[in-house]
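Chains as they are written, first to last, in my numbering: chain A, 18 to 405; chain B, 18 to 405.
Hints in this document: simulated from the structure, not taken from any laboratory.
Any given hint could turn out to be false.
Note that identical chains are pooled: a pair holds if it fits in a single copy or bridges any two copies.
[Said to hold, decoys possible] Here are the simulated lysine-lysine pairs, BS3-like style, with alpha carbons at most 27 angstroms apart:
| hint | residue 1 | residue 2 |
| --- | --- | --- |
| 1 | K241 | K320 |
| 2 | K48 | K142 |
| 3 | K188 | K28 |
| 4 | K352 | K320 |
| 5 | K375 | K102 |
| 6 | K241 | K394 |
| 7 | K102 | K352 |
| 8 | K48 | K351 |
| 9 | K241 | K188 |
| 10 | K402 | K375 |
There are 2 protein chains.
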Amino acid sequence: MQNFIFENPTKIIFGQGQIKRIGQETARFGKKVLLVHGQGSIKKNGVYDQVISSLSESQLSVVEFPGVRSNPVLSHAMLGIETAKREGVEVILAVGGGSVIDTAKTIAAGVGAEHDVWDFFTFRKTIQTALPVLTVVTVSASASEMNAAAVMTREEGRQKYSIRSLFIQPKVSILDPTVLFSLDRAYSAYSAVDAVTHMLEGYFNNMEPNPSPLQDGMVEGLMKTIMGATETILQNPEDYDARANMMWAATLAFNGLTSAGMGQIALPVHMIEHSLSALYDVAHGAGLSIVLPGWMKSQLPGKAGRFAKLGREVFGVTTLNDEEAALAGIDRLKKWFSLIGSPVSLGAAQIPAQDIEKIAENAAALAQVWGLKAYTKEVIAEVLKLCV
Amino acid sequence: MQNFIFENPTKIIFGQGQIKRIGQETARFGKKVLLVHGQGSIKKNGVYDQVISSLSESQLSVVEFPGVRSNPVLSHAMLGIETAKREGVEVILAVGGGSVIDTAKTIAAGVGAEHDVWDFFTFRKTIQTALPVLTVVTVSASASEMNAAAVMTREEGRQKYSIRSLFIQPKVSILDPTVLFSLDRAYSAYSAVDAVTHMLEGYFNNMEPNPSPLQDGMVEGLMKTIMGATETILQNPEDYDARANMMWAATLAFNGLTSAGMGQIALPVHMIEHSLSALYDVAHGAGLSIVLPGWMKSQLPGKAGRFAKLGREVFGVTTLNDEEAALAGIDRLKKWFSLIGSPVSLGAAQIPAQDIEKIAENAAALAQVWGLKAYTKEVIAEVLKLCV
């Protein structure tokens, strides 16, 4: 096991009927709240009313900042920073999924900065302070409700970059699985792909010949949980236990727990996917199910043992030969993505193969920022050719 | 899944060579430190010197409070409270295992209380404040380094009771697996029994017909990790990866993670064991390996499905019939405790069967405090008869 620091102070309040606590939790951090939300789904599913009622019961003053869309953009977050500064808000409440929460985190960091908030994303500046962030989760996939990261796309240059700081990690997150009942089939599937990929990028990194059984066991357990729950959800979107298992598993999948001790985790699949969603606005989960199987094929020579373990432990592959088990593992994973309705080729997302060079160039720029030197434009293009 | 709140703010610094950070971490909380430790093992294995050197580098003033023994006693903790008050310490550093950490927590709570600290253990009073606690772990079993609980024995009446409060939860814990290299065979085994039992009390509670696959998967994964690591450790006490896997797994086993969502967890096995270690001063882990298999037998009618799942998932039992698989599971668990050298009968720990009434009476008093009404003196005596 590698040395690590694990620190995750977010208070999770989990379960049906818990949104009513958001007022009293928010009031611990301030009186004036910036309420960040998205495209209006929370007004349809009743979450908005629950939140407003709880905030008003705690006599909080609310400034609304709606309009976040998926693959959130910097210009909108900068509008949020302006609003937060002008109104003098003391605390930020995100009600939504990863895009809304990441916008809230970016605003929280930006309010305390004298410079362009994008400097945090290019690592030119380090976050030194932020407004407190709380969340009410309406889509479970990003784990942003219990981690220190935020991802944002800057329209100029179509750069989808990220930040990470304990200052922007949510103080409190409320997870009510009934909120997911209205999440459609597509996003229910993409959420599963996202959560699974978060873990697998670490799992494939848990290096042989000495992978830690502890992290392997957690990832395999959570992955089987997510797969089983997602299959149930697609049959019955209002199955409480399935939604609850998916919701908590997705949080644990990327809150630092499964990767602690695995060493520095590279996220090449996320990195390449960021270019797909930055350039084509495909859903992040859909992009991941396109890139992951192709990336695995590209890594087969060095990682057959790891892919074989996935095949055996998660998909019940029984082949003794490692390379065969690895190929079977990749194939079974890809088939499972298809089964739940997530695309597994560029074509399925209407991304033309002739764009590969352009995508690779975009991703290679992020590879430089993230320090993934092996991922040149050429290497990334080779991976993308395996995703056609 | 049941509703839950999960909040675990302890910062974990994990790995070889990390003890040198304790000075700077402690300095964040105060200048004058009460250094709580045990019977001198840290002077033999070099941990004491590392800690003192780091504290002095950070220019902290140190008041020593050594002498904690396993199954720590209230009178000693009260001496610590006096010392802490007299010396005006600002922060408490525990260097040791669960007994040392629990003593430090009790002192931390006691310093801020005007009344008898035991009132916290009988739930007559609630902890409202405490000095900050940090830890350097030298025995991995209790998970006290990352949870809010402390257990203490009051000599008068031989009561072994517990407290739980976020105020006493460690701010920072340093876990260096090399420190465990000098832990002897017996305590290495007892540590495994303790960690496994912490999880199983929840696992058996993860109620049918609807057990949560998420928690089941985590417990099964961590349990297999602990078992594999312990077998390696008994062969080679200086196997770094095995010690590291055991160390982190033991922390995760009782830091609230595996039980979150399982509902209110009763700890009847711990409760009955508390009476064994309070009355006979057997090691806590040794007491648990005596009580757990007997308790399982007593619960067979209602919990066959759960015991069968343990047998199948952890021990590879293949019997289709639930009751047979449950019996096989109990048998395999008991055999594994024996294999690693932990006692599985009262006799093996020189506890005479004719004392059962006395033990049951002691445990029944704690059952009242813990609200486990089903555990009358008679019921507990029946369980103990299955441990002969």
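Original post:
Among the hints numbered above, which are violated by the structure, and what are their numbers in rising order?
Top reply: When the structure is compared with the hints, numbers 2, 5, 6, 7, 8, 9 turn out to be violated.
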